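Enquirer: Sequence:
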Amino acid sequence: MSTIGYGRSSALETYVRGQWYKVYVTLEDDYICISLDETYENCTPVNGSLNNNTLDSSGSHIDCVDVPDSVANQKRLIRVVKTDSNGLGISIKGGRENKMPILISKIFKGMAADQTEQLYVGDAILSVNKQDLREATHDEAVKALKQAGKIVELEVKYLREVTPYFRKATIISEVGWELQRGFLSSNSPIHRSPQKPDARYLPLQLCCLTRNYKHPDPENKTIELHSPDGVHCCILRTQEASEATCWFNTLHCALNALSLKALHDANKVLTNIMPVLGQIHHIGWLFRINKNENGCLRSISSEEEFTVNDKWQSVFGVVTSKELRLYEVAPWSPDAWSAPLFVCPLLSTRLMNSSRNSDLITFSLRCGTEEGIITHRFKVDTQRDLASWARAVIQGCHNSVANRREVNCRCLWHGKPAQLSIHYENGFTLIESKTGSVGREPKKLWSYPFDRLKMSSDDNNRLLWLDFGDSVDIVSIN
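Going by full-length UniProt numbering, the residue at position 61 of the sequence shown is 61; the numbering climbs one at a time, nothing skipped.
Please keep in mind that the hints were generated in silico from the structure rather than gathered at the bench.
The structure displayed is predicted, hence computed values, not measured ones.
Misleading hints may appear alongside valid ones.
Pairwise CB distance ranges, derived in the manner of DEER restraints [said to hold, decoys possible]:
1. Q383 - D139: 54 to 64 Å
2. Q313 - T137: 46 to 56 Å
3. T245 - R181: 33 to 43 Å
4. P449 - A390: 19 to 29 Å
5. T245 - V142: 44 to 54 Å
For every residue, glycine included, the Cβ atom is placed at its ideal position computed from N, Cα and C.
Please take these sequences and the hints and turn them into a complete structure.
Expert: What follows is the structure, encoded as structure tokens:
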């Protein structure tokens, strides 16, 4: 049972290297603290594995294999032959300053130490080429190992009692991620250090919270947290679907608050160095359907139905005063903000229907570009997200129109050159081309206010139909 409030602190499971491990998770402001449960050994294996939260079926290092009883507490002399391009292939911990022997904490797969098949995580290194390391500091041991030459004789003794410590440290080190620098800052963020070696703090700022994305779960007991750069993920599982929903809602609220702070910071920093960006009004994660034809983005029909099995791709969306900008990952630096994946001018963007499919919450945006009209279909996780994005886009479109006030474009009407004007207050006006009215004021061909427009449509390319009730005008945009 939770101690801070249901959904804020409780026993869950996390997915590491193909297994579910029991953990205790606590939400603390802009972090979650994940610590291994004392019964972490009782884990559930699954197919595949996660190394540093990225999928890997082979693994990069060896830890905690079964050690024969005959090896325990017996001194052994192991001969290791290094290759020209690699070292021993081990990591060590301990040393005199830590009141610990020099211990092998990792053995890297395929490297020299692993190829002997005689060394284990938990082996204490007593000597290197007959140089005694029993009283060595950590640095002295590192130096001795590096200077040992191509052929290394290690005197070791397996200490079974230290194995659980290394196992816990290895597992927890692969949960979550660390931020190398602060948001829109070159400085390293202040890392919160856990009080226990089997715990880790996971920063939540601009991470992507979702469900059934990279780890489909028909029982709806899992929650996915993806790092801002899209490289790492942390998957948490609850005992009941209702508890997963509670955790999701709690994390969702926390992430919304952090997004508002990031939005404020972005406006503060980018106003001076990227004035062309304008004011930022909304940021957050979306999932865009990946429909490609010959490597090019295909316009999607607003009536097209989608399912959870379609290839959705996470994108980071930003609504500014003028544009909807889509990024592959959260733009962490000023340079990243200047390199969006796709830009939709709000002046020529329209919000289409939201989803009728009860399984997914989706909406469409129809964007006018120089290449024609492109329709994007997006998916979000909650109705609240849908409302927030719809409000941001609609308000952005209205504000963009109010600021621009008038748009003029050359066109053909009944085969003759003309100019179509759309004014914020006056509506539609078509005048003859200025090239055909040399020396006189261009003739007004027709004019209608907005309330006369009954219907409009287009061919996704150049033709525009405007139905004003008593007439239907067809305009070909140049």
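Enquirer: Against this structure, judge whether each hint is valid.
Expert: Here is what the structure says about each hint:
One distance hint, 54 to 64 Å for the beta-carbon pair Q383 and D139, holds here, with the actual separation near 57 Å. Distance hint check for Q313 and T137: the Cβ-Cβ separation is about 50 Å, which falls inside the suggested range of 46 to 56 Å. The hinted range of 33 to 43 Å is satisfied by T245 and R181, whose Cβ atoms lie roughly 34 Å apart. A beta carbon spacing of about 27 Å between P449 and A390 agrees with the range 19 to 29 Å that was offered as a hint.
For T245 and V142, the Cβ-Cβ distance of about 49 Å falls inside the hinted range of 44 to 54 Å, so the restraint holds.
When held up to the earlier numbered hints, the structure conflicts with none and fits them all.
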